[in-house]
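> Given these sequences and hints, build the entire structure.
Number of protein chains: 2
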Amino acid sequence: MKKYVIGVDVGGTNIKLGLINSLGKILSRSTLITCNCSQTKNKLIDSLAEAIKILLQNKGVNIDSVLGIGVGLPGLINYEQGIVTSLTNISGWRNVPLMSLLQKKINIPVYIDNDVNLIALGEWKFGAGKGYNNLLCMTLGTGVGSGIILNGELYRGEGFAAGELGHMPLNEKGPSCNCSGFGCFECYVGSSVLVAKAAKIFKNKNIKLEDVYDLANGGNIRAVQFWEETAAHVGNGLVGVVNLLNPRLIVIGGGISKSYKLMQKVIEDIVKKRAMKIQANMVKIVRAKLGDDAGLIGAQVLISASLEKRKK
Amino acid sequence: MKKYVIGVDVGGTNIKLGLINSLGKILSRSTLITCNCSQTKNKLIDSLAEAIKILLQNKGVNIDSVLGIGVGLPGLINYEQGIVTSLTNISGWRNVPLMSLLQKKINIPVYIDNDVNLIALGEWKFGAGKGYNNLLCMTLGTGVGSGIILNGELYRGEGFAAGELGHMPLNEKGPSCNCSGFGCFECYVGSSVLVAKAAKIFKNKNIKLEDVYDLANGGNIRAVQFWEETAAHVGNGLVGVVNLLNPRLIVIGGGISKSYKLMQKVIEDIVKKRAMKIQANMVKIVRAKLGDDAGLIGAQVLISASLEKRKK
Numbered sequence: 000m001k002k003y004v005i006g007v008d009v010g011g012t013n014i015k016l017g018l019i020n021s022l023g024k025i026l027s028r029s030t031l032i033t034c035n036c037s038q039t040k041n042k043l044i045d046s047l048a049e050a051i052k053i054l055l056q057n058k059g060v061n062i063d064s065v066l067g068i069g070v071g072l073p074g075l076i077n078y079e080q081g082i083v084t085s086l087t088n089i090s091g092w093r094n095v096p097l098m099s100l101l102q103k104k105i106n107i108p109v110y111i112d113n114d115v116n117l118i119a120l121g122e123w124k125f126g127a128g129k130g131y132n133n134l135l136c137m138t139l140g141t142g143v144g145s146g147i148i149l150n151g152e153l154y155r156g157e158g159f160a161a162g163e164l165g166h167m168p169l170n171e172k173g174p175s176c177n178c179s180g181f182g183c184f185e186c187y188v189g190s191s192v193l194v195a196k197a198a199k200i201f202k203n204k205n206i207k208l209e210d211v212y213d214l215a216n217g218g219n220i221r222a223v224q225f226w227e228e229t230a231a232h233v234g235n236g237l238v239g240v241v242n243l244l245n246p247r248l249i250v251i252g253g254g255i256s257k258s259y260k261l262m263q264k265v266i267e268d269i270v271k272k273r274a275m276k277i278q279a280n281m282v283k284i285v286r287a288k289l290g291d292d293a294g295l296i297g298a299q300v301l302i303s304a305s306l307e308k309r310k311k
Numbered sequence: 000m001k002k003y004v005i006g007v008d009v010g011g012t013n014i015k016l017g018l019i020n021s022l023g024k025i026l027s028r029s030t031l032i033t034c035n036c037s038q039t040k041n042k043l044i045d046s047l048a049e050a051i052k053i054l055l056q057n058k059g060v061n062i063d064s065v066l067g068i069g070v071g072l073p074g075l076i077n078y079e080q081g082i083v084t085s086l087t088n089i090s091g092w093r094n095v096p097l098m099s100l101l102q103k104k105i106n107i108p109v110y111i112d113n114d115v116n117l118i119a120l121g122e123w124k125f126g127a128g129k130g131y132n133n134l135l136c137m138t139l140g141t142g143v144g145s146g147i148i149l150n151g152e153l154y155r156g157e158g159f160a161a162g163e164l165g166h167m168p169l170n171e172k173g174p175s176c177n178c179s180g181f182g183c184f185e186c187y188v189g190s191s192v193l194v195a196k197a198a199k200i201f202k203n204k205n206i207k208l209e210d211v212y213d214l215a216n217g218g219n220i221r222a223v224q225f226w227e228e229t230a231a232h233v234g235n236g237l238v239g240v241v242n243l244l245n246p247r248l249i250v251i252g253g254g255i256s257k258s259y260k261l262m263q264k265v266i267e268d269i270v271k272k273r274a275m276k277i278q279a280n281m282v283k284i285v286r287a288k289l290g291d292d293a294g295l296i297g298a299q300v301l302i303s304a305s306l307e308k309r310k311k
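Line by line, the protein sequences are chains A and B. The first sequence: position 182 = 181 (numbering that gives the first Met the number 0), numbered continuously. The second sequence: position 119 = 118 (numbering that gives the first Met the number 0), numbered continuously.
Hints are computed from structural coordinates only; laboratory data are not their basis. Please read all numbers here as calculations on a predicted model, not as lab measurements. Please note: incorrect hints may appear among the correct ones.
In this list, chains with the same sequence are indistinguishable; a pair is considered to hold if it fits within one copy or across any two.
Stated by the list, open to error - Once the Cα atoms are required to be at most 30 Å apart in a straight line, the calculated DSSO-like pairs of lysine-lysine come out as:
id : residue 1 : residue 2
1  : Lys1      : Lys264
2  : Lys40     : Lys276
3  : Lys129    : Lys310
4  : Lys124    : Lys311
5  : Lys2      : Lys103
6  : Lys24     : Lys310
7  : Lys272    : Lys260
This is the structure we're talking about:
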């Protein structure tokens, strides 16, 4: 019986692989370095196929017992056609039919999707979102994104570009954003923005968000305020989504979510106070559970859901 | 063969009824006055049943050829259980099992839903949204709402409260809103806000939005500016939705949409400029087509979709 999947999580610096069972448990892992140059695109696909084979061999798993390979990539992914339309921070990937290219090399069905979508799928079925039908899984990091589960299904949008929570504007006349918008959510809570803000407040060019986290935990008032201000923006950003989509759950993940405990109360208070009553009373806000493994585990969910859909 | 539906559109002042064929055409109409007092709730249901019978008799339509009655109401409606949870501006309607009450009186299957959802359904199948799978139908009036069609299905939210586009904040420190939020979209483009703004600008307490519309069409610069400023807020409000949901279409309806031509260019420019490239290039913004009939016609879509779903 086919019961395993291979999860692949492509990042800007490295590629994580995992052999995952039907319960969403990662049985074995490996890592590749992401070669960030366009010439090596085919090489990368070769290495990926090779790494998958080794991962299976190491665990003595036969190729026939693998349902599929699920690949999460940071960019715009045409999930239906299996094409990487473009990647963020990895050059040379434009309209690459990754699904068919990889499938040819390894003869296992391949599924590809946006990395945040895979994180959302993972948290939904095996993490903080278990049992919910309408939820938003937000990732707070350099970028701010989200995966949206509505009516028990991942919502990808007309052109697979839905979920850009980081680019919902918080202020009409806010700072200009890389995306060409103004006052985007990400302009207030993206980690590079926060690092720059912290450097100013603490007059230290080399400060990291971990330092501000430690300072706050040690009782430093400016550091506590720093996280509360960040939390206020997060809360304000969520108010709009909560009113518009009336979700049952919001899962907060990503790097900055490590400071979740420092932000939790303010986020919850703002949503309860500023969102509409029915929506506010109904929504639960929680921290993500699967950490950096969410994307790998999400591959299992992506593949199960895709197979389920094909049956229909 | 059952081929007709009865559409019922409940408003604060009156209730519109229509006999609708399978092509979404209204064959016959009637109107009731909405009695705005709690004692008359049962009376109202009696009158409604009576009015429906008369509507059918007048057209010589037998009760057996009616698929169902679709009722749109301004408030929070539990579509699945057929219960009116609460109504806006009509008192005395709390947790009323309207579906079963009306069904008992008239022996035709009854379906109830939020009025803006019915408008969205009507525009989707028979109006400006024909053929689209992912669209948002916004109503601009005293209130600003929306109905959201995602993956070819109306999205209602966990508690049937989704679509509150008017209460997505445009500014974190904006004016306080009735909903308890701050800087809500509706605070900038709701018609009562606009009337008050016009009264100030034109130093005329009795000015109506129609007057400002006429002034703008006559070339009055302040009136033209008035609609351009309104349009800028509408555009800014849509940017967030476009980035988050990546819809293919946005349909703009409701009273203020009469000024759509005066606002169209600014709305489109702002969305093209401020939304993310992929989402912006993909989304079309159009004016609603069915006018005040959208809700009645939407009853046909509600009933067809509900019957289709039950079959599955």
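> A separate judgement is required for each hint: does it hold in the structure or not?
Verification of the supplied hints:
no.	hint	in the structure
1	Lys1 x Lys264	neither (45 Å within a copy, 55 Å between copies)
2	Lys40 x Lys276	between (51 Å within a copy, 25 Å between copies)
3	Lys129 x Lys310	both (23 Å within a copy, 28 Å between copies)
4	Lys124 x Lys311	both (20 Å within a copy, 24 Å between copies)
5	Lys2 x Lys103	within (21 Å within a copy, 52 Å between copies)
6	Lys24 x Lys310	within (25 Å within a copy, 37 Å between copies)
7	Lys272 x Lys260	within (19 Å within a copy, 37 Å between copies)
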